[in-house]
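Novice: Got chain A sorted already, so can you dock chain B onto it with the hints?
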Amino acid sequence: MTEKCEITLTINGCAHTIRVDPRRTLVDAIRDDCGQTGTHIGCEHGVCGACTVLLDGEPVRSCLMFAVQAEDRQIRTVEGLANGDELHPLQQAFIDHHGLQCGFCTPGFLMLAAGVLERDPNISDDDLLDLLASNLCRCTGYQNIIKAVRAAATQMGAR
Amino acid sequence: MKPAPFRYHAPKSIEEAVKTLGEVASEDGRVLAGGQSLVPIMAFRLARPAHLVDINGVEALRRLAVEDDRLCIGACVRHAVFHKPVVDGPLGNLLSTVVRHIGHYPIRTRGTFCGSIAHADPASEWCLLATALGAEMVAQSTRGTRTIPARDFFRGIMTTALDEDELLTQVRLPLLPADARFGFYEFSRRAGDFALGMALVTFLVHDGNVSDPRIAVGGIEAQPRRIAQAEQAIAGRAPDRAAFAAAAEAVTKAVDPLEDAITSAEYRRDLAGTVTRRALERAMA
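Residue numbers (our numbering), protein chains in the order written: chain A, 1 to 159; chain B, 1 to 285.
In short, the hints are calculated from the structure, not lab data. Any given hint could be a false lead.
Said to hold, decoys possible - Covered by chain A, according to a simulated footprint, are these stretches of chain B (three or more residues, beta-carbon under 8 Å):
no. : segment
1   : 33 to 40
2   : 107 to 119
Stated by the list, open to error - Only part of the chain B face toward chain A is listed, based on derived beta-carbon distances under 8 Å:
no. : residue
3   : Lys2
4   : Pro5
5   : Phe6
6   : Asp54
Here a beta-carbon is modelled for each residue, glycine too, at the ideal position from N, C-alpha and C.
Chain A on its own, in the form it takes in the complex (with noise of 0.2 Å):
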């Protein structure tokens, strides 16, 4: 099967039924072929974590599987942390602690940090260092993000 696979894969809980090569990274087919262009591409290569996105609730680097590997699975996407016009926590964190410069990796970071905290808010300093570690920023605004983040989830930890 080198020729094109159909699948289905479900973004933010939408179906979208789309014929693939199987060479068709995860990321590419989001974007290209589902149309949700919120995920952003970066180095290809698993090393920046701006394709994260949430595979079963897990983050995932979206570059490093193939579009035909997530069929039936459950994928999130930046495009799906909001609820209608009410931000997530983390999105709302983001504009408040200046989370954000360029923007470009602002997508990774959110699905990685929300992958995470959704289930775990309590967690340590260290652990979500270790955890914001994962994704780089080339503006270098590192500590506006870890703020937000650390402000995020104090926030769903409340709730």
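Specialist: Leaving out everything else, chain B in the frame of chain A:
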């Protein structure tokens, strides 16, 4: 870059996976498990496999169980599982200590234990652990199943005893005795980066003296290795600074370090001694 085209196979059983691999191995067919090493290599076009046999749909390979005093880790068991101890006793704690050094969290949610073993990067933490503990690798092909001890498995940089049509179906780790001590120390330039050098040690302390020491280093030579001279230097002695220094000295004398553009062999030789000493200190901390 984008990976080159390949034919995709998604077997549902071990038998089907092994059969497919047997058919495509000679046409540069590869096994795809977590993909956290293979897919970047494909993106760089350093590898252009014509076939990928994706084993993620094989439920039997997700098995993680204790059998005959061994922890059996199936080919699709992911790194992240080990964050919390998977077995009582020192082995579970050792695994959860070491796993934090493997890449970053989103890599650990996909990458697999057995994938690291089959990939055999010199800087792989799991390859070091398998060597130190004396793991057994179970390889299956249409020709049958065989068990390969760790000392015979790693053959050089990204080179193993696996034949091209063999699937590494599981790795078996011997459980550590309840009173075993362990220490792990890794040095890398950035969190989550490849190890420049690391050491893993286990031993018992009986009547105030070290017994059954295992001292192995990784990232230093082409493959991880137990250093017998260092184990002899510490066996039967009190676990004190002098003994640890003697073991570290024995390691620096015994290793034949890798050299690359930014790290000299001399540097790695010194580092081998330092990580050994620190791993020993952690075992007593």
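Novice: Determine which of the earlier numbered hints do not hold for this structure and return their numbers in increasing order.
Specialist: none
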